[in-house]
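Residue numbers (this note's numbering), protein chains in the order written: chain A, 72 to 188; chain B, 176 to 287.
Derived from the structure by calculation, the hints contain no laboratory data.
Quick reminder that beta carbons are idealized off the backbone N, C-alpha and C, glycines included.
Please note that the accuracy of each hint is not assured.
To give an idea of the chain B side of the interface with chain A (calculated C-beta under 10 Å), a few residues [as the list claims (entries may be wrong)]: (1) L219; (2) N273; (3) M274.
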Amino acid sequence: GAGVSQSPSNKVTEKGKDVELRCDPISGHTALYWYRQRLGQGLEFLIYFQGNSAPDKSGLPSDRFSAERTGESVSTLTIQRTQQEDSAVYLCASSLATGLARTGELFFGEGSRLTVL
Amino acid sequence: GNSVTQMEGPVTLSEEAFLTINCTYTATGYPSLFWYVQYPGEGLQLLLKATKADDKGSNKGFEATYRKETTSFHLEKGSVQVSDSAVYFCALTDNAGNMLTFGGGTRLMVKP
Chain A
72 GAGVSQSPSN
82 KVTEKGKDVE
92 LRCDPISGHT
102 ALYWYRQRLG
112 QGLEFLIYFQ
122 GNSAPDKSGL
132 PSDRFSAERT
142 GESVSTLTIQ
152 RTQQEDSAVY
162 LCASSLATGL
172 ARTGELFFGE
182 GSRLTVL
Chain B
176 GNSVTQMEGP
186 VTLSEEAFLT
196 INCTYTATGY
206 PSLFWYVQYP
216 GEGLQLLLKA
226 TKADDKGSNK
236 GFEATYRKET
246 TSFHLEKGSV
256 QVSDSAVYFC
266 ALTDNAGNML
276 TFGGGTRLMV
286 KP
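Start from the sequences, fold in the hints, and give me the full structure.
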């Protein structure tokens, strides 16, 4: 597609439920990133994929969070047993494999806003 | 680890006013520095960048100079417009260039 697409754009769930957030990166972009933005705060790095592999999982806040990527394309971020502190906007971004160090250009989606009641 | 600190907003200016948004960083090695902008209802997009000390990044009338001695990358614009109203994020790459570390963002509101 023309840009990074994320779904759902808004999700309201009850505490304890599982949620899945989806990201479709720009075609041909082999690097994919997930960030979290809590209200009034900056972007918090969660996980990064190069192809289908995740070299850096250090940002995942707990074992309730997991992510996968298939076909060097779509990625899914799963949050199990959601808690109220998980409420945030989850942002996905993609870049060319070797692009980031030189250009710094990540292409972001509009985010998925998660509200846990 | 790497970190980025920005001035807190919101910053409210009148049209044609001068803008400065402060950004300082902590990093090992020689990171590249960036400003991203998020317009209302849109995703973040790269505004400008600088890859080494004393470089000046510029775009759409915005400028920022990579100051290694003060570990700063302040964003400036001589005359802001209402259309510049957005949230601005300062960021840097790690040494491997594999990910961006972002500051907390600064909301700019420009009034006509």
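ask   = Was the hint right that B:N273 lines chain A, CB cutoff 10 Å?
value = Check passed: Cβ of B:N273 comes within 6 Å of chain A, closer than 10 Å.
request  = Double-check B:M274 for me: the hint is only fine if its C-beta lies closer than 10 Å to a C-beta in chain A.
outcome  = holds, 5 Å
key: chain A contact restraint on B:L219 - CB to CB distance below 10 Å   = It holds, given that the least Cβ distance between B:L219 and chain A is near 4 Å, below 10 Å.
Hint compliance for this structure: no hint is broken.
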